Amino acid sequence: MPRIIMGIESSCDETGVGLVRLHDDNTVELLADEVASSVDQHARFGGVVPEVASRAHLEAMVPTVERAFGKAGLKLSDVDAIAVTAGPGLAGALLVGVAAAKAYAAALDIPLYGVNHLAGHIAVDTLQHGPLPNRCLALLVSGGHTQLLLVDDIASEITELGSTVDDAAGEAYDKVARVLGLPYPGGPPIDKAAKNGDGAAIAFPRGMTGPRDAKFDFSFSGLKTAVARWVEGAERRGEDIPVDDVAASFQEAVADVLTMKAVRAAKEHGVDTLVISGGVAANSRLSELAAERCAEAGITLRVPRPRLCTDNGAMIAALGAHVVAAGRPQASLDFSANPALPVQIISI
Amino acid sequence: MLVLAIDTSTPAVTAGLVALDGDALESRGDRVTVDPRAHGELITPHALEAVKAAGVTLRDLDAIVCGVGPGPFTGLRAGMATAASLAHALGIPAHPVCSLDAIAADVAPGEAPFLVLTDARRREVYWAAYAADGSRTDGPHVQRPADLETTIKVAAGDGALLYADALGVQPIEPRFPSPIGLVKAARKDLGSEPAPLTPLYLRRPDAVEPAARKKVTTP
Ligand SMILES: [Zn+2]
Numbered sequence: 001m002p003r004i005i006m007g008i009e010s011s012c013d014e015t016g017v018g019l020v021r022l023h024d025d026n027t028v029e030l031l032a033d034e035v036a037s038s039v040d041q042h043a044r045f046g047g048v049v050p051e052v053a054s055r056a057h058l059e060a061m062v063p064t065v066e067r068a069f070g071k072a073g074l075k076l077s078d079v080d081a082i083a084v085t086a087g088p089g090l091a092g093a094l095l096v097g098v099a100a101a102k103a104y105a106a107a108l109d110i111p112l113y114g115v116n117h118l119a120g121h122i123a124v125d126t127l128q129h130g131p132l133p134n135r136c137l138a139l140l141v142s143g144g145h146t147q148l149l150l151v152d153d154i155a156s157e158i159t160e161l162g163s164t165v166d167d168a169a170g171e172a173y174d175k176v177a178r179v180l181g182l183p184y185p186g187g188p189p190i191d192k193a194a195k196n197g198d199g200a201a202i203a204f205p206r207g208m209t210g211p212r213d214a215k216f217d218f219s220f221s222g223l224k225t226a227v228a229r230w231v232e233g234a235e236r237r238g239e240d241i242p243v244d245d246v247a248a249s250f251q252e253a254v255a256d257v258l259t260m261k262a263v264r265a266a267k268e269h270g271v272d273t274l275v276i277s278g279g280v281a282a283n284s285r286l287s288e289l290a291a292e293r294c295a296e297a298g299i300t301l302r303v304p305r306p307r308l309c310t311d312n313g314a315m316i317a318a319l320g321a322h323v324v325a326a327g328r329p330q331a332s333l334d335f336s337a338n339p340a341l342p343v344q345i346i347s348i
Numbered sequence: 001m002l003v004l005a006i007d008t009s010t011p012a013v014t015a016g017l018v019a020l021d022g023d024a025l026e027s028r029g030d031r032v033t034v035d036p037r038a039h040g041e042l043i044t045p046h047a048l049e050a051v052k053a054a055g056v057t058l059r060d061l062d063a064i065v066c067g068v069g070p071g072p073f074t075g076l077r078a079g080m081a082t083a084a085s086l087a088h089a090l091g092i093p094a095h096p097v098c099s100l101d102a103i104a105a106d107v108a109p110g111e112a113p114f115l116v117l118t119d120a121r122r123r124e125v126y127w128a129a130y131a132a133d134g135s136r137t138d139g140p141h142v143q144r145p146a147d148l149e150t151t152i153k154v155a156a157g158d159g160a161l162l163y164a165d166a167l168g169v170q171p172i173e174p175r176f177p178s179p180i181g182l183v184k185a186a187r188k189d190l191g192s193e194p195a196p197l198t199p200l201y202l203r204r205p206d207a208v209e210p211a212a213r214k215k216v217t218t219p
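Here the protein sequences come in this chain order: A and B. Position 6, counted from 1, in the first sequence is what the UniProt record's numbering calls 6; the numbers after and before it change by one each time, with no gaps. Position 183, counted from 1, in the second sequence is what the UniProt record's numbering calls 183; the numbers after and before it change by one each time, with no gaps.
Keep in mind the hints are simulated off the structure, nothing from the lab. Here the structure is a predicted model, which is why all the values come from computation and not from measurement. Glycine is no exception: its CB is placed at the ideal position from the N, C-alpha and C atoms. Don't take each hint at face value.
Only some residues are given here: those of chain A computed to face chain B with a beta carbon under 7 Å [stated by the list, open to error]:
id, residue
1, A100
2, Y104
3, L108
4, I110
5, L333
6, D334
7, S336
Just the calculated beta-carbon pair ranges, DEER-fashion [said to hold, decoys possible]:
id, chain 1, residue 1, chain 2, residue 2, range
8, B, T217, A, P306, 30 to 40 Å
9, A, A214, B, D35, 38 to 48 Å
10, B, V34, A, R229, 31 to 41 Å
The following block holds chain A by itself, in its conformation from the complex:
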């Protein structure tokens, strides 16, 4: 069975290359995790520009692979299998990683696996906290995704319980940051400002929490508009904007809905473990409130360290290792990336 697995990620604005070792007991060990980010090139546009991201992926791909092997102290010929993000993500960005992965697999004459980016966000937690329990719940929150997933088997069975009906949680952070005059991406500066603010200062709405709303879906568009409305009202009255309080109250509304729905889903499905991953998982209020509510409900909370939560190649290598361990079939070299790959399709 393949032992050293290289993971390649290029679905958005991070070019990631990870190396892991799959042990006999099916535990997975992280050997290298190198990322080249184009986030700075997108900042002035206030969001990821697909063509800019794709250009950066092409430029960064081989150097990032080289760095990963350097860090791990391995040679390319030591790799036994390659996993690459097949989707979901930006079409042109995915294509660069998939083309590179196919070429490496062909040149090294080793199997290739096209895997699901969303499942990778969950699989990455096994690098830090060991194997997942037989059944667990995963909350994925980032600039691109907000999803509640039931994970029966990380290599073969994931069911979506709910997702955002409009903006991703991270997108709401970016938009609110803009309203408050904070830089892009909005997550870190809002989190920082919120630490000095009062989360109960302003009662912002909790989207999709009415009795007739879908139980496990999310909506952040109304919240974002409510924040803009509030700030504009204060501006009109000539008041100073209490940026810290607005940030804290916005962040409280996001964390409240996310954790409330996650805990409710865990209870309803009889699951005792919750994994929170994705870029927004690094948010301090989200992890604090999740820890509080999981403890109350007797749920074990697993949050990978921030470096593993954001997009990277280690998550794809980790998922690749689980897919290999489960004996799933390898991909044919003529497969195409799927920008809308559904989460149920863990490997193609």
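We have chain A already, so just place chain B with the ligand on it with the hints.
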């Protein structure tokens, strides 16, 4: 010397094996599919099939030559990411070559200067001008056919066929870069340190900086 040539700058997904012996170039087989949406799927399988048909493996290659455009970006990157990764994994050089030069290298020797035009989409062409001996004298550029200022009336490349009437040019062969053309155009560089494999985009990414934020409330 065994060279794998790759180009995805046009609707053709092209991979082929070329043997070089002194000045002699010999095609050892190629795989070409004309499908503007299949570059990402087919370029590696085509490269594998081309080497297999020649009875060798990727490990027998001495160098890669890759068309770096100009060409529509997404497809172009499929070939370039493939060439760069193959070269890295095999420990061999990957030499860049202007894809229009590769088409020019296949134009039959004539008496007169000629153009190479390829489809840049959005009703534009990528183009360059060449002297009768095949050396590039102008370009590469990206322009609307109507804005082209040239007196040359003979043009190769699929853009020449598309805009023959608009430009008043006589189309000549070939339409797409061939493995032999790619290697011919890169021949002077083979054996020396390869230049960086950088795409000839010619266009900036479509992206506009956001204007001032629109208010959600009306005062
Ligand atoms: Zn992600």
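Structure-based check of all given hints:
1. A100: holds (4 Å)
2. Y104: Holds, because the Cβ-Cβ distance from A:Y104 to chain B comes to roughly 5 Å (cut-off 7 Å).
3. L108: Holds - the Cβ of A:L108 comes within 7 Å of chain B, reaching about 6 Å at its closest.
4. I110: It is violated, given that the least Cβ distance between A:I110 and chain B is near 10 Å, above 7 Å.
5. L333: holds (5 Å)
6. D334: holds (5 Å)
7. S336: holds (5 Å)
8. B:T217 x A:P306: 30 to 40 Å: holds (36 Å)
9. A:A214 x B:D35: 38 to 48 Å: Check passed, 41 Å falls within 38 to 48 Å.
10. B:V34 x A:R229: 31 to 41 Å: violated (54 Å)
Figure legend: structure checked against the earlier numbered hints; hints not met, in rising order: 4, 10.
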